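Visitor: Sequence:
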Amino acid sequence: MSKFWSTYKHVMIPMAGLSSWEPSEYEPLLPPAFHRMPGRPKKKRIITAEERENRKKPKKQRVYSREELLAPDKNDPSKLCRAAIVITCKECRAEGHNIRTCPVKKAKQMGGSTNSQGIRLGMSTQMVADVLQRHDQYVALNMGHGGTQESSTTTTTEL
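At position 119 of the sequence shown the residue is numbered 119 (my numbering), and the sequence of numbers has no breaks.
One thing to keep in mind: the hints can contain errors.
[Unchecked claim] Result set (DSSO-like, lysine-lysine): computed pairs, CA atoms no more than 30 Å apart in a straight line:
#1 Lys-42 with Lys-56
#2 Lys-106 with Lys-90
#3 Lys-106 with Lys-60
#4 Lys-44 with Lys-57
#5 Lys-60 with Lys-44
#6 Lys-108 with Lys-90
#7 Lys-60 with Lys-108
#8 Lys-42 with Lys-60
#9 Lys-56 with Lys-44
#10 Lys-43 with Lys-56
#11 Lys-43 with Lys-57
#12 Lys-60 with Lys-9
#13 Lys-90 with Lys-105
#14 Lys-60 with Lys-43
#15 Lys-57 with Lys-42
[To be verified] What follows is a list of derived Cβ distance ranges for each label pair:
#16 Lys-56 with Ile-99: 25 to 31 Å
#17 Phe-34 with Lys-57: 56 to 62 Å
#18 Ala-140 with Asn-54: 45 to 51 Å
Derived by calculation from the structure, the hints in this document are not laboratory data. Please read these numbers as outputs of a predicted model, since none were measured by experiment. Glycine residues also receive a C-beta, built at the ideal position from the N, C-alpha and C atoms.
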């Protein structure tokens, strides 16, 4: 018990405030100097999840005029506008759409599996001909012809 009393015998009495402090002959203490840490500083502040949800806005697609599509880049005359590039489908080799929106690929997926000769099982010949005809019409409309084309690929065998 004597060790306990010897440890806690020095009691610190609280002061009433700054007015009861003794004046010091030394300069007031300043905070330590600021040292910039190595690395690239962050330009943006960290956004909370709530702010992130409030900031989400649907992106507006820009509508290009015909002159903008066909006109070369104003800064570099050797470059064309990216929007003027014609997209070609890798599935059917037609222009105006990509493989993701290809009607021929959709027809193949809808039709089922293939047999050893590459003929779609589960699709009638008429269905295949209709899909190919619609595809040709789609390509003709997107290419600016305006009319329909005859389907070049028609099969006569019934599955």
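Visitor: Hints first: check each against the structure and report whether it holds.
Guide: Against the structure, the hints come out as follows:
1. With a C-alpha separation of about 22 Å, the suggested pairing of Lys-42 with Lys-56 holds against the 30 Å cut-off.
2. Taking the CA atoms of Lys-106 and Lys-90, the gap is about 13 Å. The hint holds against a cut of 30 Å.
3. Distance restraint check for Lys-106 and Lys-60: the Cα-Cα separation of roughly 28 Å lies within the 30 Å cut-off, and the hinted pair is therefore satisfied.
4. With a CA separation close to 19 Å, the supplied pair Lys-44 and Lys-57 stays within the 30 Å bound.
5. Taking the CA atoms of Lys-60 and Lys-44, the gap is about 24 Å. The hint holds against a cut of 30 Å.
6. For the suggested pair Lys-108 and Lys-90, the alpha carbons sit about 14 Å apart, so the restraint of at most 30 Å is met.
7. At most 30 Å may separate the alpha-carbon atoms for a hinted pair to count; Lys-60 and Lys-108 exceed this at roughly 33 Å.
8. This hinted pair checks out: Lys-42 and Lys-60 have alpha carbons roughly 29 Å apart, not beyond 30 Å.
9. A distance of roughly 17 Å separates the Cα atoms of Lys-56 and Lys-44; the hinted pair therefore holds under the 30 Å criterion.
10. This hinted pair checks out: Lys-43 and Lys-56 have alpha carbons roughly 20 Å apart, not beyond 30 Å.
11. For the hint linking Lys-43 to Lys-57, the alpha-carbon distance of about 22 Å falls within 30 Å, and the restraint holds.
12. For the given pair, Lys-60 sits about 76 Å from Lys-9 by alpha-carbon distance, which is inconsistent with the 30 Å threshold.
13. Straight-line distance between C-alpha atoms of Lys-90 and Lys-105 comes to about 10 Å, which keeps the hinted pair within the 30 Å bound.
14. Under the criterion of a C-alpha separation no larger than 30 Å, the hint pairing Lys-60 with Lys-43 is consistent with the structure, at around 27 Å.
15. A threshold of 30 Å between alpha carbons decides the hint, and for Lys-57 with Lys-42 the separation of about 24 Å falls inside it, so the pair holds.
16. Separation of Lys-56 from Ile-99 is about 29 Å and conforms to the stated range, judged on CB atoms against 25 to 31 Å.
17. Between Phe-34 and Lys-57, the C-beta spacing of about 38 Å breaks the proposed range 56 to 62 Å.
18. The given range of 45 to 51 Å is respected by Ala-140 and Asn-54, whose C-beta atoms sit roughly 46 Å from each other.
The earlier numbered hints that this structure contradicts are 7, 12, 17.
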